[in-house]
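S.K.: Residues per chain are reported as follows:
2 protein chains.
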Amino acid sequence: MIQPHGISSIQDKELFLKNRSTLITDVLLPNKKQVDIWYDDTGIIRAVGPEVAKEHRSEADITLDGSGTLAIPGLVNTHTHGAMTLLRGYADDMHLQQWLSEKIWPLEAHLTGDHVYWGTKLACLEMIKSGTVAFNDMYFFMKDAARAVDESKIRAVLSHGIITFGNEEKFETELKATDDVVHYVRSLHSPLITSAIGPHAPYTVPPDHLSICAEYGHKEKILLHTHLAETKQEVDDCQKTYGMTPTALLDKAGCLSDRTVAAHGCWLSEDDCRLLGERGSHIAHNPVSNMKLATGRAMPYHWLSDKGVNVSLGTDGCSSNNNLDMLEEMKIAAICQKFFWNLDTLLPAAEVLSMATSCGAKALGYAGGEIKEGMPADILLVSLHCPSMIPLHNPVSNIAYSADGGAVDTTICNGRILMRNRYVPDENEIIKGASSSADDLLNRAGIMA
Amino acid sequence: MIQPHGISSIQDKELFLKNRSTLITDVLLPNKKQVDIWYDDTGIIRAVGPEVAKEHRSEADITLDGSGTLAIPGLVNTHTHGAMTLLRGYADDMHLQQWLSEKIWPLEAHLTGDHVYWGTKLACLEMIKSGTVAFNDMYFFMKDAARAVDESKIRAVLSHGIITFGNEEKFETELKATDDVVHYVRSLHSPLITSAIGPHAPYTVPPDHLSICAEYGHKEKILLHTHLAETKQEVDDCQKTYGMTPTALLDKAGCLSDRTVAAHGCWLSEDDCRLLGERGSHIAHNPVSNMKLATGRAMPYHWLSDKGVNVSLGTDGCSSNNNLDMLEEMKIAAICQKFFWNLDTLLPAAEVLSMATSCGAKALGYAGGEIKEGMPADILLVSLHCPSMIPLHNPVSNIAYSADGGAVDTTICNGRILMRNRYVPDENEIIKGASSSADDLLNRAGIMA
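If you're matching them up, the sequences are chains Z and R in order. Just so we're aligned, residue 1 is where the first sequence starts under full-length UniProt numbering, counting upward by one. Just so we're aligned, residue 1 is where the second sequence starts under full-length UniProt numbering, counting upward by one.
Derived from the structure by calculation, the hints contain no laboratory data. Predicted model only: the values in this text are computed from it and were never measured. Heads up, some of the hints might be wrong.
Pairs count within a copy or across copies, as identical chains cannot be separated in the list.
[To be verified] With a straight-line Cα cutoff of 20 Å, these simulated DMTMM-like cross-link-like pairs (lysine to aspartate or glutamate) come out:
no., residue 1, residue 2
1, LYS18, GLU427
2, LYS33, ASP439
3, LYS32, ASP440
4, LYS54, GLU373
5, LYS32, ASP439
6, LYS432, ASP26
7, LYS240, ASP271
8, LYS362, GLU220
9, LYS13, ASP65
10, LYS219, GLU172
11, LYS221, ASP180
The shape of chain Z in the complex, shown without the other chains (with noise of 0.2 Å):
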């Protein structure tokens, strides 16, 4: 690759162990503003201006050359099931249930834990390649998962996904699941790592579990991470069983609060909208997984910015979209929204940049998101070189509508470098190690690869 912004050395491997006090120089900032950037070895952002470099260069460690990028807030990613990048392209277009119950059930049931800590960090590389520095995750073997991350240096909220259909016995082993990773999580002492209670949905752990969850949640101080709305069938069952809708029921089973994450929404009512902005939950939106799986209607993003409910960005898992793209994701939640509710005006560059990046920080419950003194340094610097953000009429519009993931040249989460110039340090052996691990669970199940 051509080095077009004066980076002088991919190699210095150097960069990227530890946390340094950092000035990054001559940066072009969403606004045009042209400034410099000084965030210290905590990894926060002391500075932000015209004369930091100036002023604060003999405090900083190192420098990176930011000419000729744009820097842009690191991408959160809010709901996803990480280790499910190994079942990539592995069944697509099909019925759902056929695809579930022919497909990918038979093959998450040989998973190990070694599979999903593969799994998880061929995600993390490709959520740092794609300028991502923090997920929500849902899924199984999450100590496993939680081991990934760390070595990643990403965020991560982690939560083991809870399907009962009313069996308690199956509700206590998912309970000690749930148990062991937020023990395993707090033993790693990351500032980046928490964990979160994962009921998967109102239509796969009925009332009563949702309530002991809710509790759970409460008492550890964690966030609960659930599937809502997504399917109509949801919706009509739950009214039929329950005589409300799977939003209502969560409410009445004290799963709504400010720590509340609930994924699609699609077929979220008025009503549904104005209780979640009452509890001040969060939903995340996933538009490629909801368009894939033809669920038939899009998220109700206008109802629910007026209700004043915070709506954030998720990728879904990569059996259902296929990858972990958040700058591809931005561009199809606004054009969806545009599409499906007819309203060339809806969700503009803006505010979908914000649902990437501030919204997400705020539903996962940290501060960041934001480019500004007192903030965790999580930044990307986006080069301005491809032609895809050519010309810079509007840098916001660039980056939502036109720039992918591989425009992204430098990913810093917490002010730890994690890629320049698109060098990621351990990416050659984690490529091999998932494509091998992937190999390993299609011969387990005794598919020929």
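Model the placement of chain R on the given structure of chain Z, informed by the hints.
M.R.: Just chain R, lined up with the frame of chain Z:
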């Protein structure tokens, strides 16, 4: 950028200068077979198979190491307005009429041939970098566009966009401009560039003018490129004024033949689709533009394919997309069809890849879009080393749903290598020239950059 698949030198500018007999070794095909590909210095593929390197090495002037890459046919963008890359991000998220009358048209009024030259150069660069080797273009100053395309060495069908609203004088000027393009393109003696007649749409060109356009196209044996049934308004107005659909109107004017490429088709009726099938006409699907501009309906792919209509893919111009990335367009086409028509099996990965390759070549009237003996060497080598291509359960699915334009490592058009290891020889000059040209356009329009 790391060089994972053994490319020796990206600085070998010789590689790009002329057509040479070329052997590509150890490349994977979408069916997961590993082969070598040999094409001669006329740009025609002569052999594809596992023993080709052994048999033809002595006949090849150069060898490209294809290990670690997937070979797919070059992509074909069958509807765009190339020079509108200069307007990328200039205005978004507005109501259509306000967007046109307050933003796009006032700026376009200041366009010169030089802007179109640089806009088209930028468009060609962006296409080469994201794997597109042919495009169907409609805009103004098309001799300048032709100059840019000729330098870029990709395929194009160029048409001057004819808008008359019934004004005879305007029509005469537009026909003269078309005639100029047709003769200029012929004078280039390029095997890659042809021209078309471009009556903009049935609502901007009345039936008598459409008839004359059809006759002109027939006489010159060139394509007819138009817009069709993009909005409901257009269909309703046509019914009210002429008592028939825009498709029937085009047919009555003699505009529907197997040399017709009509863009959009969102609001086609089932009868329209049957008529298009009978005439052998081609529909260019532009899902991103349709979604962004909130057309309210997705092109009825199931009806069109039922009636045997060849459906190809396009990006539309950068004002309504805002990029020219056909890999992204494939994904959005596949998920948009599933979503809008509420059918999760509609437009599967293999069909959308054909739509973007062989169906595109068919629409533009040349043999191509397949990697096999006798076909032109329009070949992409896609890196299998990107996280988004791992694991490789299904190469076609990864291409359709996961990869973005940045995964394309090498772009070859008609045997000429245009990009290798993501290096395009004149990238810097084009980016500089196009950026200056965009600034100049704003200056002329009295807008501060």
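S.K.: With reference to the structure, classify each hint as holding or not holding.
M.R.: Tested hints:
1. LYS18 to GLU427: within (18 Å within a copy, 35 Å between copies)
2. LYS33 to ASP439: between (49 Å within a copy, 17 Å between copies)
3. LYS32 to ASP440: Classified as between; 18 Å across copies, 49 Å inside a copy.
4. LYS54 to GLU373: Cα proximity of LYS54 and GLU373: one copy only (17 Å, versus 63 Å across).
5. LYS32 to ASP439: between (47 Å within a copy, 15 Å between copies)
6. LYS432 to ASP26: Answer is between; shortest inter-copy Cα gap is 19 Å, intra-copy 37 Å.
7. LYS240 to ASP271: within (18 Å within a copy, 41 Å between copies)
8. LYS362 to GLU220: within (19 Å within a copy, 62 Å between copies)
9. LYS13 to ASP65: within (17 Å within a copy, 28 Å between copies)
10. LYS219 to GLU172: Close inside one copy (17 Å), not across copies (79 Å); limit 20 Å.
11. LYS221 to ASP180: Within one copy, since 15 Å is at most 20 Å while 72 Å is not.
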